[in-house]
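Participant: The residues making up each chain are set out below.
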Amino acid sequence: MASVAFSKVTKSFGEFKAVSDVSFDIGDGEFVCLLGPSGCGKTTSLRMIAGLETPTSGQVMIGGEDVTHFHPKDRNIAMVFQDYALYPHMNLADNIAYPLKVRGEAVSKRHARAKEVADVLKIGHLLDRLPSQISGGQQQRTSLARALVYPAQVYLFDEPLSNLDAKLRLEARGFLNHLQRDMGMTAVYVTHDQAEAMALATRIAVMDQGRIVQYASPIEIYRRPATTFVANFVGNPPMNLVEVEATKDDGKLQLKADGLTIAALPMTDAIGTALAAGSKLTLGIRPEHLDVAGAGAPNTITAPLFANENMGPESLVTIDRGEGARVTARIFTDDHIALGETVTLGFAADHVHLFDSAGKRIPEING
Amino acid sequence: MTTEPITTEAKKVRNFSLLSNRAGAAFLTPAGLLVSVFVIVPFFWVIFVSFTNRTLLGRTALNPEFVGLANYLALFDPATFFQRGQFGFSLILTTQFVLASALIGQALLGLLLAWLIQTVPPWIKRLTETFVIAAWILPEVVIGFAWFAFLDRDAGTLNMMLNAIGLPSGDFLLDQPFWVIVVFNTWRGAAFSMMLFNSAFSSIPPSYFQAADVAGATSWQKFRDIAVPLIRGHIVTNLILITMWTFNTFTPFLLTNGGPSYRTELVSIYNYRVAFQDFQFGKGAAVGVIMMLINLAFALVYLSIGRKKKAPGT
Chain A
1 MASVAFSKVT
11 KSFGEFKAVS
21 DVSFDIGDGE
31 FVCLLGPSGC
41 GKTTSLRMIA
51 GLETPTSGQV
61 MIGGEDVTHF
71 HPKDRNIAMV
81 FQDYALYPHM
91 NLADNIAYPL
101 KVRGEAVSKR
111 HARAKEVADV
121 LKIGHLLDRL
131 PSQISGGQQQ
141 RTSLARALVY
151 PAQVYLFDEP
161 LSNLDAKLRL
171 EARGFLNHLQ
181 RDMGMTAVYV
191 THDQAEAMAL
201 ATRIAVMDQG
211 RIVQYASPIE
221 IYRRPATTFV
231 ANFVGNPPMN
241 LVEVEATKDD
251 GKLQLKADGL
261 TIAALPMTDA
271 IGTALAAGSK
281 LTLGIRPEHL
291 DVAGAGAPNT
301 ITAPLFANEN
311 MGPESLVTID
321 RGEGARVTAR
331 IFTDDHIALG
341 ETVTLGFAAD
351 HVHLFDSAGK
361 RIPEING
Chain B
1 MTTEPITTEA
11 KKVRNFSLLS
21 NRAGAAFLTP
31 AGLLVSVFVI
41 VPFFWVIFVS
51 FTNRTLLGRT
61 ALNPEFVGLA
71 NYLALFDPAT
81 FFQRGQFGFS
91 LILTTQFVLA
101 SALIGQALLG
111 LLLAWLIQTV
121 PPWIKRLTET
131 FVIAAWILPE
141 VVIGFAWFAF
151 LDRDAGTLNM
161 MLNAIGLPSG
171 DFLLDQPFWV
181 IVVFNTWRGA
191 AFSMMLFNSA
201 FSSIPPSYFQ
211 AADVAGATSW
221 QKFRDIAVPL
231 IRGHIVTNLI
241 LITMWTFNTF
251 TPFLLTNGGP
261 SYRTELVSIY
271 NYRVAFQDFQ
281 FGKGAAVGVI
291 MMLINLAFAL
301 VYLSIGRKKK
311 APGT
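So the protein sequences, as listed, match chains A and B.
In terms of the UniProt record's numbering, the first sequence has 91 at position 91, counting the first letter as 1, and numbering is strictly consecutive.
In terms of the UniProt record's numbering, the second sequence has 135 at position 135, counting the first letter as 1, and numbering is strictly consecutive.
Check before you lean on any hint, since a few could be wrong.
To be verified - Here are the in silico distance ranges between beta carbons for each label pair:
id : chain 1 : residue 1 : chain 2 : residue 2 : range
1  : B       : L296      : A       : D74       : 50 to 56 angstroms
2  : B       : A299      : A       : G136      : 39 to 45 angstroms
3  : A       : G136      : B       : R232      : 22 to 28 angstroms
4  : B       : V120      : A       : K8        : 27 to 33 angstroms
5  : B       : M292      : A       : N91       : 40 to 46 angstroms
In case anyone wonders, no lab produced these hints; they're calculated from the structure.
Even for Gly, the Cβ is constructed at its ideal location relative to N, Cα and C.
Use the sequences and the hints to build the structure in full.
Facilitator: In structure tokens:
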């Protein structure tokens with residue numbers, strides 16, 4: 001196992017900058033998820049760690065060694081591909097043992113090792129099948145087995161679960177989490193699924209347009225998203241964002257928006273700085289921190305009902321504030337919630353997030 | 001509202017056939033006649049002539065006699081079979097020619113070139129493809145003359161280049177005629193193999209090679225373990241096609257006339273000499289029939305492999 005580091009890495013394809021000036025460190029034994037929408041540069045970053053792409057500028061380090069211009073085979077890494085990249089003409093045993101074959105191991109030895117790994121992944125009984133003769137979930141585990149069959153410094157995963165159906169994905173996710181606990185491997189995992197990232201990562205790097213927007217632990221990203229982009233990307237459903245007009249009144253901060261009533265917040269230096277740049281702020285409230293409120297509650301948001309979805313253990317209540325600005329509450333009850341035409345949702349003041357006019361988080365508004 | 005159902009009904013009646021059977025047959029007749037006049041009739045005519053002693057001149061020109069298998073027996077006469085200028089000699093020569101220029105030359109060189117251009121930058125790949133196709137689409141006669149000029153003893157380009165770097169001239173067409181036509185045919189045909197293998201390699205998902213890269217495979221290991229097994233079908237098809245083409249090729253005649261002293265007389269050239277220079281139509285037809293049978297064997301092997309490839313389908 002080894003650490004990985006990016007130092008001011010930029011990768012351009014012609015005019016297009018896929019990754020621009022990205023730096024980060026991944027500690028030995030860490031499981032880091034690169035999370036972001038399509039085209040944010042996460043896969044390109046992963047491929048630069050693998051050596052399948054060469055940075056236009058900057059350095060890639062593995063285990064403290066500058067590997068920027070190393071061939072993939074000299075980096076001692078293992079990688080799981082999105083399409084699994086299993087060789088259709090080889091049976092599972094040969095597929096799994098291929099990395100050992102290129103290292104010159106004897107047939108009996110490498111097949112014994114393939115069997116060992118396959119047994120752990122519960123595909124040991126399929127070793128003489130071809131990849132076309134097994135299910136998608138089994139193919140995924142085969143490609144995982146091929147990555148685990150030899151000791152590598154870093155394990156790389158390129159959206160390995162995105163081709164599985166929802167149930168298998170949950171199962172495979174749990175297994176990967178277990179494996180990480182077992183092996184303590186250094187892993188870099190690319191995904192666009194925030195739930196996968198939250199479940200697996202020790203740290204998440206949220207990427208957007210070729211840059212890292214926030215690099216922190218899953219809890220930190222959930223509790224203190226650095227920007228409205230992160231707030232909107234992490235969480236299911238994502239954080240509700242309400243544009244508010246902010247004014248300073250009597251040493252307190254007053255927030256105004258249609259249908260919103262909120263008690264004045266104490267002023268801080270950070271809020272003062274943000275206000276100086278612009279009075280249009282964004283108020284963020286997570287759906288799970290909203291609930292149906294009675295009349296006269298101090299902090300509420302009111303609008304016509306848009307949808308009321310009961311999903312078993314929880315209900316999603318969505319209200320429509322006009323022009324597509326919707327607010328969703330996630331209410332934990334297995335009962336149907338009876339609602340009128342207009343709904344008032346309430347929240348606690350200490351669960352409120354504030355972002356400045358540029359979308360950056362205003363820190364510590366709740367002390 | 002009323003027109004809609006009518007149009008859908010009309011579509012149903014049409015039932016995917018553009019013409020009635022009778023009209024189709026009428027359109028096919030001219031082509032069918034041409035094919036039968038120029039392909040089917042000559043095919044049976046050659047078989048018929050091969051059993052006669054028909055010649056261009058003399059008594060048997062007008063009144064050929066039926067001679068049974070005499071032409072075939074003459075071709076396979078053990079006393080003369082292996083002599084220079086005889087059928088057996090040219091059959092063995094052709095086999096060597098196919099092995100050296102088609103299987104080793106064209107296929108191996110084409111495979112190697114196709115593999116090498118997978119890793120070069122795209123613009124070099126496109127440039128190589130353009131040149132290779134350019135060499136391939138040139139007419140045979142032009143190529144033949146160009147090579148003749150290239151290899152000429154006195155004013156040939158090759159000798160001028162050799163002289164320029166201080167090496168003596170050689171009379172390649174006279175001293176090494178067999179290797180000249182081998183190199184010529186390799187040069188002529190490697191383009192086809194390269195293009196075929198190139199497109200076969202391109203159809204392999206890049207992640208297969210990337211996975212092998214990450215796993216630590218060398219270029220040779222990727223070639224041996226992944227690339228070649230995955231294009232095995234293309235390789236078999238290619239080998240059979242170029243074997244047939246090289247077996248039947250007549251172009252070396254433009255370079256060497258089959259000589260000197262029959263040393264480059266491939267079966268197609270032998271056939272031409274017997275039939276149209278010695279004017280022994282009966283014997284020439286017998287050679288033609290044997291060549292057809294050999295081609296038929298290749299074609300059957302090719303078809304059976306093609307069928308086998310489809311059958312398992314897993």
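Participant: Starting from the hint list further up, note which numbers the structure goes against and sort them upward.
Facilitator: Failing hints: none at all.
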